[in-house]
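Undergrad: For reference, the chains in residue letters:
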Amino acid sequence: MTAMSADPYAAPMSGMAHGNMTTVGRVDHDANGFDPSAMLTDWDTGTTELLPDGRTLRTFEVTAIDREIEIAPGIFFPAWTFNGRVPGPALRAKEGEWLKIIFRNYGSHPHSMHFHGIHSARMDGVPGAGLIGPGEEFIYEFDAKPFGCHRYHCHALPLKRHMHKGMYGLFVIDPDPARQSDPALSAVAASRVLGSPENANWQELAMVMNAFDTNFDGGNEVYAVNTVGQAYMNVPIRIDKTRPVRVYLVNVTEFDPINSFHLHANFFDYYDTGTQLTPTLRTVDLIMQCQAQRGILEFSFADHEDGMYMFHAHQSEFTELGWVGMFDVRGPGA
Amino acid sequence: MSDQSQPTRPTAIRLLLVLLPLAAILGSFVWIASLDPLRSFNNGAPPVESLTVERTVLDQTGIQILVRAGGSEAMQIAQVAVDDAYWTFTQNPPGPIARGSAVWVQIPYPWVLGEAHHVALVSNTGTVFGHEIAVAVQTPKATAGQFRMQALVGALVGLLPVALGLMFYPAMRGFGTTGMNFVLALTVGMLAFLLLDMLGEATELAAEAAAMFQGSAMVWLSALASFLLLMAIGRWRGRPEGLALAFYIALGIGLHNFGEGLAIGGAFAAGAAGLGTFLVLGFALHNVTEGIGIAAPMLRIRPPLWSFAALTLLAGGPAVLGIWVGSLAYAPQWSALALAVGAGAILQVMVEVTAYLQRQNIDRQAIMFSPAVLGGFLGGIAFMYVTAALIKV
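Each protein sequence line maps, in turn, to chains A and B.
For the first sequence, position 31 (counting from the first letter as 1) is numbered 30 according to numbering that gives the first Met the number 0, and the numbering increases by one without interruption.
For the second sequence, position 120 (counting from the first letter as 1) is numbered 119 according to numbering that gives the first Met the number 0, and the numbering increases by one without interruption.
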């Protein structure tokens, strides 16, 4: 069969660059009702009022809705959502506030909001404690503590199904600088308080590493940050290189035990769970998070050339199934 | 049923009696389509989806697959992943794929020679259809050089063994009745093995085909149809024997060798061959009995010399054709159909050779269980089974 002998070390086939590793087409973000680019900086701070004792009461309203969403171009997924988006709203409060979350279930199944934070058993969002049926309402109330980068998710059973159908979101509690005795730490805390002068210089990004099992076989077909595979390849994230970057990162991926974040051509400090003001890891270019783990990444491109800097999971499979993006790093005017 | 005769009706009335039910059928179809009386069964479940990959072509431009849709509605391929990586692709013709139609999907993927790849087609509902490429090799191109090489293989596994088997003809002419009974029974045994082998292959292939081809029914019914048609043709002017029976056997064996050729060609296309000298020798040995079988009904006549060449071509030549067709990456349902037709032809010659064997003997019933006939039959099966072990990989 000499006629079909071929050189196994022949040059790669022409016209097949690695740029071909991509999804085909674009997701209709308008039809979805949410845009991954806008989600990066879309914090839900609720409404506030002063309580008689001087504390701040912060109120959020969250609604569970069934909704079909486009998770990669042309692929539709029958999601269960908080407020019609996946991930759900990125709730943000400040340490020491009294929180009130008005949760309404307009979905077709029982749902709840289970917060990773400190609260009473009655407010835990498990069966018998804030798990409500379709058409019902429940109000979760607790102190905003501890400060850090947290998450909430539906804790109805079966948990796997309720999780991977889209019921999760970021829950960030900013530290109160007044509670820090060390001035250095107090300054760090101040830089984390959304809306403070110290915070204004930071470019803060909300990133939820998630994935979708579109054929319900217990393995994911599409991986992403903020739901849409390859979204930040198609529309890179604009970074002003003169200002530092802070990423609030949470891993909500089901089925795969761990996910990871790798930054190209740069290193970062990592604050696991964000509950400390000193880094857990200094000068790393990759961190991994197990299911439900989260943390804060801080880095700067100040000394870098302008250019496209990639970030992705370093599980190559996740990368190639959508979890990959680009930082478009330039000066403020460029 | 009584046998009273029907009163003859005028032509117009008879026409009306046919048109009336036809009109009723048409009317009810229009009614069902327009009113959708089964609407209340719509429970919100997604449509049933089915995609079958029928051909795979690997070349310098990447991977091309022919995909047939068989869902309850038109289907859309939203994304394509190769080895768990989403990859660009073009679909021709583009757009939703109607039930029953097929499209080519071209993926510019740098496949790796000799390694396995997995193609996943993701529909708009997120359903995934996987297709395994077990060993990636360039799909043979329809070039003159390629055809020549494949013709050589075909000649080695098809023509040569039949010719070798026919060379026993002069020796067999000296056989008495017992010897001839043995050779004829040997032929039937060999054919029985081929029949089971072909039906097995055909149903296996049919299972890979899209559901709408109804693989199993297609195989059995086309085998039955081919058997009945060949029986009718064969008995058009009396019972076939002598040279005519030899030609029928050659035809049946030819169809079998066509199927064998398809399998070898398919193995080329799938990268599984590896068709070593050992395998070619196995095929040759396995098929030598075919020549003996063809010669068996001609022992009492003096066939012209050209008929030996013609019989060899008819029985062995289709192996060459089969390899050509098979190497171009065929759709499984057509191979299954070819094998089923061949199985019908084999059954026909089994019947005719058995009938011929009985006519050669006075006691037609007792002869069937004589040591020569039973021994020949079982010997034929055993020989085929043992030699087949050489070629089943």
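Just so you know, these hints were derived from the structure itself, not from any lab.
Here a beta-carbon is modelled for each residue, glycine too, at the ideal position from N, C-alpha and C.
Hints may contain errors.
To give a feel for the contact side, a few chain B residues facing chain A, derived at Cβ under 8 Å [to be verified]:
1) A73
2) A80
3) D83
4) W86
5) F88
6) N91
7) P95
8) Q105
9) P107
10) N123
11) T124
12) G125
13) V127
14) H130
15) L163
16) F167
Some chain A residues flagged as far from chain B (calculated, every beta-carbon gap over 12 Å) [claimed, not checked]:
17) E140
18) F211
19) D271
20) T318
21) L320
22) P331
Undergrad: Determine for every hint whether it applies to the structure shown.
TA: These are the hints, each one checked on the structure:
no.: 1; hint: A73; in the structure: 14 Å, violated
no.: 2; hint: A80; in the structure: 7 Å, holds
no.: 3; hint: D83; in the structure: 5 Å, holds
no.: 4; hint: W86; in the structure: 6 Å, holds
no.: 5; hint: F88; in the structure: 6 Å, holds
no.: 6; hint: N91; in the structure: 14 Å, violated
no.: 7; hint: P95; in the structure: 11 Å, violated
no.: 8; hint: Q105; in the structure: 11 Å, violated
no.: 9; hint: P107; in the structure: 5 Å, holds
no.: 10; hint: N123; in the structure: 5 Å, holds
no.: 11; hint: T124; in the structure: 6 Å, holds
no.: 12; hint: G125; in the structure: 2 Å, holds
no.: 13; hint: V127; in the structure: 5 Å, holds
no.: 14; hint: H130; in the structure: 15 Å, violated
no.: 15; hint: L163; in the structure: 23 Å, violated
no.: 16; hint: F167; in the structure: 31 Å, violated
no.: 17; hint: E140; in the structure: 37 Å, holds
no.: 18; hint: F211; in the structure: 7 Å, violated
no.: 19; hint: D271; in the structure: 29 Å, holds
no.: 20; hint: T318; in the structure: 8 Å, violated
no.: 21; hint: L320; in the structure: 6 Å, violated
no.: 22; hint: P331; in the structure: 34 Å, holds
Checked against the numbered hints given earlier, this structure breaks hints 1, 6, 7, 8, 14, 15, 16, 18, 20, 21; the rest are met.
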